[in-house]
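**Student:** The whole structure should be built from the sequences, with the hints applied where relevant.
One-letter residues, chain by chain:
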Amino acid sequence: MTKSNIFFTTDPAKLFLPWMSMLMTFIAVLVLAGGMATYSSVTRWQRTVSGSLTVQIPTYTELGASRGEMVDREIETTLTILRSSEGVLGATVLSDRQMSDLMAPWLGENAVITELPLPKLIDVTVDPNSRLDIAQIKSDLATQVPSAILDSHRIWLTPLLRISSGIIKLIGFILVLLSLTAAFTVIYATRTSLTVHEPVIALVHMMGAGDLYVTQQYASRSFQLTLLGSLFGFFLTLPIMAGVSFFIQGASFDFILKQSLSLGQWAVLLSVPFLLSVLAFITTFKTVMNYLKRFL
Amino acid sequence: MAKQNKLSSPVAEFNGVSFRYDSGPEVLKDIQFTLDPGSFYFMTGESGAGKTSLLSLLYLYHLPTKGRVRLFGHAVDELTRPAKARIRRQMGVVFQDFRLLNHLTAFDNVALPLRIAGAKESEIRRHVSELLVWVGLENQMRAYPPELSGGEKQRVAIARAVINRPTLLMADEPTGNVDDSMAKRLLHLFLELNKLGTTVVIATHNEGLIKHFNFPRLHLEKGRLNVIQPNQYKEMASKLFNRGAEND
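Line by line, the protein sequences are chains A and B. Per my numbering, the very first residue in the first sequence carries number 6; after that it's consecutive. Per my numbering, the very first residue in the second sequence carries number 50; after that it's consecutive.
Derived by calculation from the structure, the hints in this document are not laboratory data. Among the clues, some could well be false.
Below are the DSS-like pairs computed for lysine-lysine, each with C-alpha atoms no more than 30 Å apart in a straight line [stated by the list, open to error]:
no., chain 1, residue 1, chain 2, residue 2
1, B, K233, B, K244
2, A, K143, A, K125
3, B, K244, B, K115
4, B, K244, B, K133
5, A, K298, A, K19
6, A, K291, B, K133
7, A, K298, B, K78
8, A, K291, A, K125
9, A, K298, B, K133
10, B, K115, B, K78
11, A, K19, B, K169
12, A, K291, B, K169
13, B, K115, B, K133
14, B, K260, B, K78
15, B, K244, B, K260
16, A, K298, B, K244
17, B, K271, B, K115
18, B, K260, B, K271
**Tutor:** Okay, here's the thing in structure tokens:
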């Protein structure tokens, strides 16, 4: 026998805590991985698209007639409006060559761009840190170049960001719920164990065991059992995450959802078993200390 | 083993102590006595007289409802929790129902006070083995309490109480389950400890033992305590005997 197993040969928490922590960690790691993947993807979308705008100037009327020199004048006016707007770093008209490169994936390398009724595209580079007034640009364009069409990626990105921010908050809420559930489960398991072992605790107390002696044994035991179950739960999530990653890659969803986690994100996931074990340690410590007050 | 404390102040002082369980009747009334360092007392009294309650006040399981108890010079109601734990480590208690831990071997049960005190494992092995040999349990060291007889359990309980050479040793009916020769052998163990300075209080009904060992009594009757010196006891016994003879 060692100093640390006076109470635990017949301890009911021996199986209960590892199972609980395995399940909690399994859910927490998957939820957290999903949250981090969502966050990474959203950040990437934001980084990619928030720094640019596109303005289209139609080269043909709706009836198919060429708009001729009018297009050049509209391009000039549009460029003037854009370049004078706060937050716009630059505005350039895409050349036929650039348009051809853009269309290549859909129309092939040999597409004759000039034969198609494609609009002229103005690529606008925006300072991502600026407060670009898109509404003002839209209004100026509507007044001076009514045919111009402004494509702001922010228009579709904003609701998407709102949804993803909601998802991240929900994940945070789930993690808080899981932590609370874990803490209450540990309290329940500890109290059950204390009740079962009350005669033993009373005896060692009478022999001069201090509160810390009893508490440390319980808290260390709780930490070990939780860590054991929690690590097992963590490793159980690995094949599931590998499967999801494989599916995303295979279905070419990689653009939408980032399929690999960074080293830092893996470190966060790996910290879950340890954080849960520390939570179990602290909860048990406080529960036992509180319980021991009943002894003189 | 723990070093024996050289005490100048009394081991225990009870001043006007009364005690009741919750809102029940007083089981101890106005108790007044002092245990000097190195003294040896028998505690006597009929069942229900308050012996176990008095012992529980001595080993700090309860606080008095009235009066003041001082242990090793400290008023117990003023002690902090760590100080109480330190005082308890200077005591050894043999419980009437042994209170052995069934999931620990005889060896580990006896080793428990040393482990609580933080002794080294090598010391624990040596001292516990020696003591278990001395109480005749050399072949039962690895046995669990349910595998032991009543007498063997009692010897394990006694070994556990004396393993850290306590300053104050209390025993509630420590010889109730052993034969006379083992009872005397165990009492000699208590005497050896007493010679080394341990204060001993033994609650017993065994008149043979009380007569054999000439020590004062703490006699309880309906919750009240009388301290009877051995010569007084002999006088009382002879008076009772003479009165009985006259009546005949």
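**Student:** Decide, hint by hint, whether the structure agrees.
**Tutor:** Results of checking the hints against the structure:
no.: 1; hint: K233(B) <-> K244(B); verdict: holds, 16 Å
no.: 2; hint: K143(A) <-> K125(A); verdict: holds, 17 Å
no.: 3; hint: K244(B) <-> K115(B); verdict: violated, 34 Å
no.: 4; hint: K244(B) <-> K133(B); verdict: holds, 26 Å
no.: 5; hint: K298(A) <-> K19(A); verdict: holds, 25 Å
no.: 6; hint: K291(A) <-> K133(B); verdict: holds, 21 Å
no.: 7; hint: K298(A) <-> K78(B); verdict: holds, 28 Å
no.: 8; hint: K291(A) <-> K125(A); verdict: violated, 70 Å
no.: 9; hint: K298(A) <-> K133(B); verdict: holds, 13 Å
no.: 10; hint: K115(B) <-> K78(B); verdict: holds, 9 Å
no.: 11; hint: K19(A) <-> K169(B); verdict: holds, 28 Å
no.: 12; hint: K291(A) <-> K169(B); verdict: holds, 29 Å
no.: 13; hint: K115(B) <-> K133(B); verdict: holds, 19 Å
no.: 14; hint: K260(B) <-> K78(B); verdict: holds, 27 Å
no.: 15; hint: K244(B) <-> K260(B); verdict: holds, 19 Å
no.: 16; hint: K298(A) <-> K244(B); verdict: violated, 37 Å
no.: 17; hint: K271(B) <-> K115(B); verdict: holds, 17 Å
no.: 18; hint: K260(B) <-> K271(B); verdict: holds, 23 Å
Against the hints set out earlier in the document, violations occur for numbers 3, 8, 16.
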